[in-house]
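> The chain contents come next:
2 protein chains.
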Amino acid sequence: MLDFIIKYIGFFAAFCTTISFLPQAIKVYKSKSTKDISLYMFLIFTIGTFCWLVYGLVISSVPIMLANTITLVLSFFILIYKIKYK
Amino acid sequence: MLDFIIKYIGFFAAFCTTISFLPQAIKVYKSKSTKDISLYMFLIFTIGTFCWLVYGLVISSVPIMLANTITLVLSFFILIYKIKYK
Numbered sequence: 001m002l003d004f005i006i007k008y009i010g011f012f013a014a015f016c017t018t019i020s021f022l023p024q025a026i027k028v029y030k031s032k033s034t035k036d037i038s039l040y041m042f043l044i045f046t047i048g049t050f051c052w053l054v055y056g057l058v059i060s061s062v063p064i065m066l067a068n069t070i071t072l073v074l075s076f077f078i079l080i081y082k083i084k085y086k
Numbered sequence: 001m002l003d004f005i006i007k008y009i010g011f012f013a014a015f016c017t018t019i020s021f022l023p024q025a026i027k028v029y030k031s032k033s034t035k036d037i038s039l040y041m042f043l044i045f046t047i048g049t050f051c052w053l054v055y056g057l058v059i060s061s062v063p064i065m066l067a068n069t070i071t072l073v074l075s076f077f078i079l080i081y082k083i084k085y086k
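Keeping their order, the protein sequence lines are chains Z and B.
Heads up: the first sequence begins at 1 in the numbering used here, then just goes up one per residue.
Heads up: the second sequence begins at 1 in the numbering used here, then just goes up one per residue.
In isolation and in its complexed conformation, chain Z is listed as follows (with noise of 0.2 Å):
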């Protein structure tokens, strides 16, 4: 019951981390506007979440893959259109 719990919480923690990217993407998306959005969080987060897919091929982690997949393509969203509409 206890392990069940602690999965829940880290499969929601993860659940959290990466969609809450999407209403940021959804934003920017009908706003064309991203003045106050920092372009150096984007750069570095979408390298981060490249780099976590890199390690979760490697060590063959669906999770890992998974969820990087999906944040690796909003924040690489969110880092087109702070280049695009400075």
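A few of these clues could be false.
Treat identical chains as interchangeable: a pair holds within one or across any two.
What the hints assert, rightly or not - Below, simulated DSBU-like cross-link-like pairs (lysine-lysine); rule was C-alpha separation at most 30 Å, straight line:
{"hint": "1", "residue 1": "LYS7", "residue 2": "LYS86"}
{"hint": "2", "residue 1": "LYS7", "residue 2": "LYS35"}
{"hint": "3", "residue 1": "LYS32", "residue 2": "LYS86"}
{"hint": "4", "residue 1": "LYS30", "residue 2": "LYS84"}
{"hint": "5", "residue 1": "LYS82", "residue 2": "LYS32"}
{"hint": "6", "residue 1": "LYS7", "residue 2": "LYS84"}
{"hint": "7", "residue 1": "LYS7", "residue 2": "LYS30"}
{"hint": "8", "residue 1": "LYS30", "residue 2": "LYS82"}
{"hint": "9", "residue 1": "LYS7", "residue 2": "LYS32"}
{"hint": "10", "residue 1": "LYS32", "residue 2": "LYS84"}
These are calculated hints, taken from the structure and not from any lab test.
This one's a predicted model, so the numbers in the text were calculated from it and none came from an experiment.
Chain B: place on chain Z using the hints.
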């Protein structure tokens, strides 16, 4: 040697995704402007990192605790600024 490279990729990935929130925190602190930042992103992300921290504490993982304490402080800081300076 390969093990070292794999670990290095993992550490570098964790470093990037953790530290990336710092330039965004500095940006909102300096500009006091958060119009383009998504409230839901930082709300969901803060909840997510809090759950990661709880998960790290329960499974006694120092890297998870350390990385998520830093990210939690930074994302909570950005969230507070987002609520304060709409």
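> If a hint holds in the structure, say so; if it doesn't, say that too.
Verification of the supplied hints:
1. In the homo-oligomer, the alpha carbons of LYS7 and LYS86 never lie at most 30 Å apart, since the shortest distance is 41 Å inside one protomer and 36 Å across protomers.
2. When the C-alpha separation of LYS7 and LYS35 is checked against a cutoff of 30 Å, the pair qualifies neither within a copy, at 39 Å, nor between copies, at 36 Å.
3. Taking CA atoms no more than 30 Å apart as the test, LYS32 paired with LYS86 passes in both settings, with 9 Å inside one copy and 18 Å between copies.
4. Taking the shortest Cα distances, LYS30 and LYS84 sit within 30 Å of each other both inside one copy (14 Å) and across copies (23 Å).
5. In this assembly of identical chains, LYS82 and LYS32 lie within 30 Å of each other by CA distance both inside one copy and across copies; the values are 9 Å within and 19 Å between.
6. Proximity of LYS7 and LYS84 under a CA criterion of 30 Å is satisfied in neither setting, with 40 Å inside one chain copy and 35 Å between copies.
7. Proximity of LYS7 to LYS30 under the C-alpha cut-off of 30 Å is found in neither arrangement, the shortest distances being 36 Å within a copy and 39 Å between copies.
8. Both within a single protomer and between protomers do LYS30 and LYS82 lie at most 30 Å apart by alpha-carbon distance, with minima of 13 Å and 19 Å respectively.
9. With identical chains, the CA atoms of LYS7 and LYS32 are never at most 30 Å apart, being 38 Å at best within one copy and 38 Å at best between copies.
10. For the identical chains of this complex, LYS32 and LYS84 are neighbours both inside a copy (9 Å) and across copies (23 Å), given an alpha-carbon limit of 30 Å.
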